[in-house]
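S.K.: Residue strings, one per chain:
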Amino acid sequence: MIAFGSSITAPAVYERHAWSGFRRAGETDSVILSRRAEGSIFHSYNAILEQAAAYEDLEALVLAHQDVEIVDSAFCEKVRRVLSDPDVGVIGCVGAIGVRSIAWWEGSVTWASFVHRYAELGGGEFPSLTWSDAEMPPYARRGEVDTVDGLLMVLSPWAVRNLRFDESLGQPLHGYDFDFCLQVRAAGRKVIAEDLRVYHHHSLALVDSPDPYVEAHRRVAEKWDGRLAHVGEAPGDWKTRARRAEAEASATRAQVRSWQLSIDVRRRRHERAMSEIAGSLSLRLTEPLRRLRRQPPR
Amino acid sequence: MIAFASSITRPEVYERHALRGFRLAAEADSELLSQPANGSIFRSYNEIIERAAERDDLEALVIVHQDAEIVDPQFCPKLRAELRDPQVAIVGCVGAVGVRSIAWWEGSTTWGSFVHRYPEYGGGEFPAFSWKEHEAPPYARTGETDTVDGFVLCLAPWTVRNLRFDESLGLVLHGYDFDLCLQARAAGRTVRTADFKLVHHHSLELVGDPESYIEAHVRLAEKWDGRMPEVGRAGGDWRSRARRAEAEAAAARAQTLYARLEIDAREREHARQLEEALDSISWRITAPLRRLAAERRRA
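Line order of the protein sequences matches chains A and B.
Each position in the first sequence, counted from 1, maps to that position plus 15 in our numbering.
Each position in the second sequence, counted from 1, maps to that position plus 67 in our numbering.
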């Protein structure tokens, strides 16, 4: 039996996306173990794991963010195929290798079969790296990776019964996925990226405040430094690393500012263009026509 | 005599902006000491300083980026007023306190009387926060600061005769301003902001070459750590500083990724709205009118 679960903070979002995807992908015997979030995502997911572990016939536990929608009708079939290898601990739809920190996207992304759908600015979508077969880069490949993104994690029965999200890290939101994948690898099991197709209905904003992200980055690096190759590592002694990273952070903050200026300037340019059109003689002359069209039919 | 100078890498930019500003601000006896750039900005500015130092009647040396334009007819009287205090070594129009690195804008900015005019997307401008006095926030104030931005540096005669941009740092472009201000403060002199009005004709890209910026940031921190309070310092030991900064850098990089996504999304939305507006029946049936108007304008 393949179980599905989400940690819910916004029931309407969950019903529209995750729930809808679970119904599409689920089989007749599938159970849904979603529950209202309690504290951190680490704690909430552990509560779901405890529930799932009680099922003797558990074949996999699918954890999806409430704003993630599975749109893959062959989802369970694909999961079963990958889990036929007993060494697999976790499967995801986005994976990377050469990952040194919770910023998995700074490694080499090898697979990403999701679409980022945003609601802002009239809505739109960004298909990820391997969404379209026709546009797939030559280095794209499914298979073993260092980590998968937590938007979708499929846990093997072994992972459900033997591992837990590390609440001792004291983090509310970030780093749970990377840390879990590291636990899987430290136990000699595999993390796999597979062509599981999902929509991620997510805003264009990353985080309101970078502080929790920074804290998670730091704590996960401290936990794993020296325990798994490359994690938390960088060249040079601590002083050299500190100096360089402080400079890099400063340079990147300046670049962020440049991008923000660029956003502001583009918005102004567009507003100017739209206001010129709206104020044009052409539109003013034909306003009665448009008024007529807006009137409901009698 | 107040001398003016730029280090020139693009003569047309210099003539359009810096030179134009010098002509507005200069007095009858002012000297222009601009010259073509020679290697790093540190080296080029030092050559200008050497020439200025030869002038016995020097009251101040004003060094301006070639893309900065003084738009203040009262520039010289304002500068003289600042330099009446013999302790003043450097005056600028943008300054900050609590500065720990070459990223002066990460300190508390106290004054900024310039306009950033950009050429991209049809052009536009961002006035700095104290460009208009009546719109300035309550914390805006001219006076002593930790550092000023190098797009305009007004050097007192003492500074011209006693300090030099530190070529031994081996840097090309960044950090020269912060380092000179630190040298002035280390010598017991003061760095100040004044209400000079300038326009900085600059692209929206604030750090064009991040690697050289990073190099300057590191070297300046190393040079001044322990010699000037707060400079190059942060909380914790080296290990915790490294961990925190590496995390902050990753967070900032993630923000740039999302900013790019937002730009793409905005471009799409703008194109959609424009297409809708221009494809409307109203817009199409009035096309002949617009053609006529355009022809009339051309005639």
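In case anyone wonders, no lab produced these hints; they're calculated from the structure.
Check the hints yourself; a few may be wrong.
[Stated by the list, open to error] Output of the computed footprint for chain B on chain A, the stretches with three or more beta carbons under 8 Å from beta carbons of chain B:
(1) 162 to 172
(2) 198 to 207
[To be verified] Partial list, computed: chain B residues near chain A (C-beta under 10 Å):
(3) Arg77
(4) Arg118
(5) Tyr280
(6) His284
These numbers were taken from a predicted model, which means no experiment stands behind them.
Beta carbons: idealized from backbone N, C-alpha and C, even for Gly.
S.K.: Would you mind marking each hint as holding or not holding in the structure?
M.R.: Do the hints match the structure? See the list:
With 0 residues carrying a beta carbon less than 8 Å from a beta carbon of chain B, the stretch 162 to 172 of chain A misses the three-residue requirement, and the given coverage is violated. Residue count for the stretch 198 to 207 of chain A with a Cβ under 8 Å from a Cβ of chain B: 0. That is fewer than the three needed, and the coverage hint is violated. Proximity of B/Arg77 to chain A is violated relative to the hint, the smallest CB-CB distance being about 21 Å (cut-off 10 Å). With a cut of 10 Å, the hint placing B/Arg118 at the interface with chain A is violated, because the nearest CB-to-CB distance is about 33 Å.
Because the closest C-beta pair between B/Tyr280 and chain A is about 5 Å apart, less than 10 Å, the hint holds. With 10 Å as the threshold, the beta carbon of B/His284 comes within range of chain A, its nearest partner Cβ sitting at about 3 Å, so the hint holds.
When each numbered hint is compared with the structure, violations occur for hints 1, 2, 3, 4.
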